[in-house]
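With the hints as a guide, bring the two chains together.
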Amino acid sequence: MTPTLTLFLVISAALFCIGLLATLSRRNAIFILIGIEMMLAAANLNFIAFWRFGSQTQSPTGVMVAIFSIAIAAAEAAVGLALVIAVYRHYRTTNVDKLDHLKG
Amino acid sequence: MSPAAFIVIAILTLAGAFAAASLSKLIHAALCLVVAFVGIAAFFFLLGAEFVGLVQVFVYVGAVAVLIVFTILLTRRADENTAGFNWGGVAIALAVFAGLLWAILQTPELSVAAPPIEALTVKRIGEALMTDYVWPLQCVGLLLTVALVGGLILVMDEKR
Numbered sequence: 000m001t002p003t004l005t006l007f008l009v010i011s012a013a014l015f016c017i018g019l020l021a022t023l024s025r026r027n028a029i030f031i032l033i034g035i036e037m038m039l040a041a042a043n044l045n046f047i048a049f050w051r052f053g054s055q056t057q058s059p060t061g062v063m064v065a066i067f068s069i070a071i072a073a074a075e076a077a078v079g080l081a082l083v084i085a086v087y088r089h090y091r092t093t094n095v096d097k098l099d100h101l102k103g
Numbered sequence: 000m001s002p003a004a005f006i007v008i009a010i011l012t013l014a015g016a017f018a019a020a021s022l023s024k025l026i027h028a029a030l031c032l033v034v035a036f037v038g039i040a041a042f043f044f045l046l047g048a049e050f051v052g053l054v055q056v057f058v059y060v061g062a063v064a065v066l067i068v069f070t071i072l073l074t075r076r077a078d079e080n081t082a083g084f085n086w087g088g089v090a091i092a093l094a095v096f097a098g099l100l101w102a103i104l105q106t107p108e109l110s111v112a113a114p115p116i117e118a119l120t121v122k123r124i125g126e127a128l129m130t131d132y133v134w135p136l137q138c139v140g141l142l143l144t145v146a147l148v149g150g151l152i153l154v155m156d157e158k159r
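Residue numbers (numbering that gives the first Met the number 0), protein chains in the order written: chain A, 0 to 103; chain B, 0 to 159.
Hints were generated in silico from the structure; no laboratory data involved.
Zero decoy hints are in this set.
Chain A side only, calculated, beta carbon under 7 Å to chain B, not exhaustive:
| no. | residue |
| --- | --- |
| 1 | Val9 |
| 2 | Leu23 |
| 3 | Leu44 |
Note that CB positions come from ideal geometry on N, CA and C, so glycine has one too.
Only chain B is shown next, with the shape it has when bound in the complex (with noise of 0.2 Å):
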C-alpha cells in the first residue's frame, strides 16, 4: 500500500465529495459525485478488495450516476432559486467531524499497519455467498424485485 497513492486517492476523494456538496449547479454536483466514487473504488481496489471496487464502479457510477442524471433531467423546470444555504447544518456536520475524529485519535489500537492477508478471489466471494449468505442473498433478490415494482408504481402516470 504506497503512501503517494493513498494521498492522491485521498485528495481526490475529498475533493469530489466536497464539490459535489457545495456546487450550485445540480448537473456538476452530479458529475463531482462520480468523481468521488470512483475516488472510493480507488480506495476499495488499494485495500485488496478488488471485487468490491469493481461492484462500486458498475452500481454506483454506471447505474446511480445515471439515474440522478436522469432525474435532474427530468426535474429540469424546478426553481433554480435552491442555492441558500443552511448554516445549521453545516455546524452540525462539523460537530460530528469533530467528535469522529476525536474518538478516532483517541483511541491507539487503530494505529496499525496492515497485516499480510491471502488474497481475497472471486471464487472465495461466491462460496461464501452461497452457503453462509445464502439466506442474506435470498433476502437482498426480494428487496431488489420490490424495489423495482416500488419504483415502477410510484412514477406511473396517474390519470391512469
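Isolated chain A (complex conformation) (with noise of 0.2 Å):
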C-alpha cells in the first residue's frame, strides 16, 4: 500500500480541524494564532499534495503558492502577536473572554 492523495487530504483534515479546535475553544489569545498557524499549514499541505499527485505542467503552481502562502503567514504571525502584546499592555490579560470593551 503506497500513500494515495486521499490519505493526505485526510491527514490534513484532520490538521485543520485540530487548528478549529485550538482557535474555537481556547481562551487564551496566543493559543488562538497557534490555531491559526496550524490550520495554514494544514492548507500548504493540502497545495503540496494536489501539486505532487496533479497533472505536471511546465510552472510548479503548488509550490508557489504554498511559498507565497508561507510568507504571508509569517507576516500574520508578526502581527498578531504584536497585537496580543500590545493587548496585554493595555489590559493585562490575555483572555479574549475579559476583552469585551466594546460590548453595547
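Set out below in C-alpha cells:
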C-alpha cells in the first residue's frame, strides 16, 4: 500500500480541524494564534499534495502558492503576536473572554 | 514514497498538533507546535517539495516558534485560569472534520498513486519566481515590509 492522495487529504483535514478546535475552544489569545498557524499549515499541505499528485505543468503552481502562503503566514504571525503584546500591556490579560469592552 | 515513513510522520504530526491544541501550559503547547511543524516539513520532503520543506523549517521552526515563545515570556503574568475548554468549539471542529472526511471519501478520483515527476530543482523555482511570479513576489516583499513596520508601531512604548 503506497500513500494515496486521499490519505494526505485526510491528514490535512485532521490537522485543520485540530487548529479549528484550538481556535474556537481556547481562551488564551496565543492559543488562538497557534490554531490559526496550524490551519494555514494544513492548507499548505493540501497545495503540495495536489501539486504532487496532479498532472505536471510547466510552472510548479502548487509549490509557488505554498511558498507565498508561508510568507504571508509569517507576516500574520508577527502582526498577531504584536497585537497580543499590545493588548496585554493595555488590559493586563490575554484572556479573550475579558476583552469585551466594545460590547454595547 | 514508503508507507512506513508516511505512517510515522502522520502520527508524529497529528500527536504534536493535538498536544499543542490541548495542553494547558502555554510553553509546552508551543514546543509541541514545533514538533507538528517539523512533521509537516517532513511531509513536504516526502512529497518531493524539498525547497518548501526547508522554507517551512526556517520560517516556522526558526522564526514563528521563537516569536511565540517570546510572546509567552512577555505575557507571563497573565492570569493562568485560561484552561477552561469550550465544548461548543469541540463539537464544531468534529462536525467540520466529519464533513471533510465524508467529502474526501466520497470522491474515488482521489485514490491515485503518485505519478513519476521530474525533480523540482531550486533553479526551476527561481526561474518561475523571476518570470511568471515576479509581481506576486514584489507584493509579498511590500507586505512583509508593511507588516514589520506595523508590528513595530503596535509594540512601541505608548508614553513616548
